[in-house]
Every structure is written in structure tokens, then in C-alpha cells.
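A.B. asks: The lines below spell out each chain.
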Amino acid sequence: MPSISRDEVAHLARLARLAVTEDELDLFAGQLDQIVAAVAQVGEVAGQDIPPTSHAVPLTNVFRRDLARPGLTPRQALAAAPAAEDDRFRVPRILGEEA
Amino acid sequence: MTELTRLDAADIAAKVQAREVSAVEVAQAHLDRIEAVDRTVHAFLHVDTERALQAAKAVDEDVAAGRPPASPLAGVPLALKDVLTMQGAPTTCGSKMLEGWQPPYDATVTQRLLAAGVVILGKTNMDEFAMGSSTENSAYGVTRNPWDLDRIPGGSGGGSSAALAAFEAPLAIGTDTGGSIRQPGSVTGTVGVKPTYGTVSRYGLVAFSSSLDQAGPCARTVLDAALLHEVIAGHDPLDSTSIDAPVPPVVAAAREGATGDLAGVRVGVVTELGGDGYQPGVLSAFNAAVEQLRALGAEIVEVSCPSFLLALPAYYLIAPSEASSNLARFDAMRYGLRVGDDGTRSAEEVMSLTRAAGFGAEVKRRIMLGTYALSAGYYDAYYGSAQKVRTLIMRDFDAAFSKVDVLVSPTTPTTAFRIGERTDDPMAMYRADLCTIPSNLAGNAALSVPCGLSDDDGLPVGLQIMSPALQDHRGYRVAAAYEVARNAAQGGPLITRVPELEVAH
Chain A
1 MPSISRDEVA HLARLARLAV TEDELDLFAG QLDQIVAAVA QVGEVAGQDI
51 PPTSHAVPLT NVFRRDLARP GLTPRQALAA APAAEDDRFR VPRILGEEA
Chain B
1 MTELTRLDAA DIAAKVQARE VSAVEVAQAH LDRIEAVDRT VHAFLHVDTE
51 RALQAAKAVD EDVAAGRPPA SPLAGVPLAL KDVLTMQGAP TTCGSKMLEG
101 WQPPYDATVT QRLLAAGVVI LGKTNMDEFA MGSSTENSAY GVTRNPWDLD
151 RIPGGSGGGS SAALAAFEAP LAIGTDTGGS IRQPGSVTGT VGVKPTYGTV
201 SRYGLVAFSS SLDQAGPCAR TVLDAALLHE VIAGHDPLDS TSIDAPVPPV
251 VAAAREGATG DLAGVRVGVV TELGGDGYQP GVLSAFNAAV EQLRALGAEI
301 VEVSCPSFLL ALPAYYLIAP SEASSNLARF DAMRYGLRVG DDGTRSAEEV
351 MSLTRAAGFG AEVKRRIMLG TYALSAGYYD AYYGSAQKVR TLIMRDFDAA
401 FSKVDVLVSP TTPTTAFRIG ERTDDPMAMY RADLCTIPSN LAGNAALSVP
451 CGLSDDDGLP VGLQIMSPAL QDHRGYRVAA AYEVARNAAQ GGPLITRVPE
501 LEVAH
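Chains A and B are the protein sequences, given in the same order.
Per the UniProt record's numbering, the very first residue in the first sequence carries number 1; after that it's consecutive.
Per the UniProt record's numbering, the very first residue in the second sequence carries number 1; after that it's consecutive.
Calculated directly from the structure, the hints in this document are not laboratory data.
A couple of the hints might just be wrong.
[Stated by the list, open to error] With a Cα cut of at most 25 angstroms, we get these calculated SDA-like pairs of lysine to any residue:
#1 B:LYS96 / B:ASP425
#2 B:LYS96 / A:GLN76
#3 B:LYS96 / A:PHE89
#4 B:LYS96 / A:LEU15
#5 B:LYS96 / A:GLN48
#6 B:LYS96 / A:LEU59
#7 B:LYS403 / B:HIS235
#8 B:LYS96 / A:GLN41
#9 B:LYS57 / B:LYS96
#10 B:LYS96 / A:ALA80
#11 B:LYS96 / A:ALA29
#12 B:LYS96 / A:ALA40
#13 B:LYS15 / B:ASP48
#14 B:LYS96 / A:SER54
#15 B:LYS15 / B:VAL63
#16 B:LYS403 / B:ASN287
#17 B:LYS96 / A:ARG64
#18 B:LYS96 / A:ALA19
#19 B:LYS96 / A:GLU44
#20 B:LYS96 / B:LYS403
[Said to hold, decoys possible] Label pairs and their computed distance ranges (CB to CB):
#21 B:ALA295 / A:PRO51: 40 to 46 angstroms
#22 A:GLN34 / B:VAL503: 41 to 47 angstroms
#23 A:GLU44 / B:LEU238: 38 to 44 angstroms
All of these numbers come straight from a predicted model, not from anything done at the bench.
Where a beta carbon is used, it is the ideal one built from N, C-alpha and C, also for glycine.
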């Protein structure tokens, strides 16, 4: 029987870049455990030799002609940005995150 | 004026062309109806009054100048699910993450609607990022089912289905990843169609689960859905999964079906989609519908699809896995919400705080579930197995369609449940998609057509008709024949029995 601990939920939340509260950890640990228990039934076929399907429609790479075509102007692209500066997206510092 | 809101799309288009009524009058009647009832129903997140009237005026000018109509739906109002982009209006996906976001481009579906002279009234409410079966996961409040205001209108496209049942629009667009067009159609007594995957462009459809998402038509009649289907479907180079093939002849099939003859059509009843866990009133309405199909000349056989029992578990691994990846784009950097950017916090901290504030509980659950299923050590057991199940489901469909032309089942195991009834129990909510999910996993066409009221609670029941990939027209033919027969047997279209809503003045 699979089980998802509170610590595991905290780890998943970190991987998914989701800040979670202590209350949410309790709530999600219980719910995810219940959901995983319910979906674990697919494991019945784990050992069987069946090709996996990722897409219902067979996928092949699609190329288009290598021609220039109009795109968004910097102004359009930045119109919905939370912060912009000098025609660029302004983001918080990205260095020095890992101790 | 109010009668205009009761008309079918095909009738509206004909009257506009015949100059019996102007497209502007039609649009205004629907905008007035929205004004009168939407405070109660809350189907719309945004009403685009000015541009709707402009679009209607352009249709009237074409008619006055004697120009041929842009499409068979020119001048017909439509409600657009808020997961498809349209310039000049916000696209929120029912999420705080995208509150007020103005997309810089139109979805292909939107472009096709505008080019067809369809009058887009506004954007409809939905479960956040289309995750849910009740529209209760919208960050902007619930939508109410016009049949009973204490009940859910289905989900994720509950705004679109409620808009139809409340006569706020004769047409709507939905998107169906696990049943989000068909289940809302079922519980509101309206028609909802999930076309074959790849036949309606996903360009401009904000992605939830890319291998499953498919936009499709919602309407009050089978013919109206078919007319809308032909407007929005077709190959699009901007969607790499778009199928380069002719649109199945769905309008012709709907017209053929309406003659009421199903002689020679083989209909398979799926053994696994019924029995325990299904509401008795749903099963009796479904069984009556099957008898009706038999009376129309169809040959009825029972078909077993054993892998369908694994469809729900497989779906709740595949869809959250794809969602966890797709929703990584909401990183607080280029668009959407950003919180906590106080000059001291890092990008990663801002990202985590933003996603915590911007996503609701169901979206967070699914992102974490998907992250789990894709984790090293669990991948083979969960995601890998789910992909194998997907193969088995496709094989079951192939075997079934070698024996029958279409498959039928109830669209969803129950009628509309009460608002709040399942919000604390994710698995109970997920079971609403039990019958619809197999066609998403296999990519084939499926639709829901109203099949009467449940005798235990008086609420609408849907008949699901599944067709092979690119054979969408088969389902339309059977649905149209059934619709005509049911209307005749039950004294008119089901939708005319929806209670009158109290009108605000």
C-alpha cells in the first residue's frame, strides 16, 4: 500500500515550487495518500509487456518553412509582465540561492 | 424580445439572413438576458457588450449589402470558455494566477469564430485551469445549475453549460480533457461534444493536459452543435498535434439522423459503464434511451471493454503529470501574478510564494500528484503503467468498433450533485468522469445528448455516444435521430422543461 508522508508532501511542494503552510501539509498528505491509493490500481499492468501510449494520435515532428514572420513587439510581449525594465522582463535575483 | 433567447442557433441564423430580425437585436436580447439572470447563475466572468454589438452590426451590414453570410452561424451569439484566448478581453482560466491577464493573441478557435461572423458575448466560468467536475474550483465563485440553483452545472465547463441552459447564449465553446464538455452537458440537459483529438486546434487553449485537451461545441440541439463543430474544426499548422484531414461531415450526419432512421446501425452498450455506483434514475433513463435507439432500427449489442475500469486511475496519473509540467510556466516572471518581490527574496522564493497564492487547492493537489508520479523511483509504477493502460483502452475501443458502429453509456454516473457535496472528497469528485475519460485517453470522438429526466430527482440525464477517431459524424447521426424521437415521445425538447429563472430588473 503506498503512503505519502507529511515530509514527502513537503518535498513534493519544494520540487513543484509551491510554498505550503503547516495546515496544508496535513490536508494534502491525507488527500494525496487517498488519491495515490486509488490510482495505484494501474500497477496491475506494470509487469506486462504492453507498449506505452503517450498520445492517442501518432506524433511525428512537424516542420514549417524557415521564413520570417511577424511576432510580438517588445511592447506586446512585456505588456503583461509583472515587472519590466529596459525592454526586458525584470526578475528577482537568481544567484546565491543555494547555501 | 425574450423569445429570441429561446431560439436555436440554426433558426437565429436563418432569421437574420431572411431579415426577420437583425443580428444586433439578437445580440442585445442575449445581453439583456445575461444582465437579468447572470447575477443568479454566474455563468460569465466577462461580458464583452460593445464588441458583441459591433460584431452583430457587421453581420447586419453584410445582410443589407446582399453579401453571402460568412458561415451558417453568422450573427449567432456564443459564450466562450475562459481557457481560450481572445485579444481585448481577459483570459483568467478561473485562476487568480491570471487575474486580468490580457492575452496578446487570439486562439485559433477564437479566430475561426470571429471569421465566421459568430457574435462572442463573453468568457465563461470554469474550474481553475479546467481541473474539476463542478466549477466550484473557480477562483471567482461558483456557477449555479439553472435546473436547480443549489446544484452544480458540471465542470470544468460549468459556465458554458449553464449559459446554454439559462438561455444566455444558444452556443458555447468548451474544452474536454476528461469530460469537461460532456459532463456539464449531461447535468444541464444540453448537448456537448468532444471531437476527435487533433481535429480542433489547441493553439491559444491554455494547456492543462496537452495529450488529452480538446475544444469542442456546446449547444441546445445536435444540429447546432454540428454547425459549430464545422466552424471551429480543421487543420492548424500552429498546433503540432493538429490532424491534417478533412473535417468529418457532422452537419450532414445530423441532418441525416434527424430523418429518424437508424436501420443497420450497430450500437454497443458498454458492460463496464453501468451497474453499482450508478444512480438508479440515471440507469433507467439510459435504458429507456437504448430502447428508443432499438425502436429507431438500431441493432443493440452488449460489448465488454474490461480496461475501461482502469481508465479513471490512469487518467488521474497522466493528467496531473502533464499538468505539473504545463503549469510550470506560471513562474511569476513573464506574465500573471507575482507576489513577495520585495527586493530581498530570490526568484525561487518569489516563484513559490506566487504559486502558493495564485493556485487553488485542486490545482496544487494535481501539481503535487503529477510531481510524485513523475519522480524517479515511482515513474515506472505510476506514469509508466498508466501509459500501458492507455494502450489497453485503445485496444478495447478497436475491438469494440470492429463489432459496432458506436458505443453508448450514461455520460456520468449521477445527476447534478449539490454545491459543496464533494468539495472535501477529491475521489468522489473524480468519479464524475468515470464514463467520459476512456475517450480522452484513446482520443476518439464522444458526445453527450440529453436523455430525459431522472425519475428519482427530476434532473437531466445524458446519453453518451462514442465513435471511432475521425468518425465523429456517426455519433451525430445517432444523437440527432435519438433527439427527434425523444422530443416526439416526451412532448418537446428537454430544455423547455428547465424552470423559469427569477429575473432581475
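A.B. asks: Tell me the hint numbers this structure goes against, listed in increasing order.
C.D. replies: Violated hints: 5, 6, 7, 8, 9, 12, 14, 17, 19, 20; rest satisfied.
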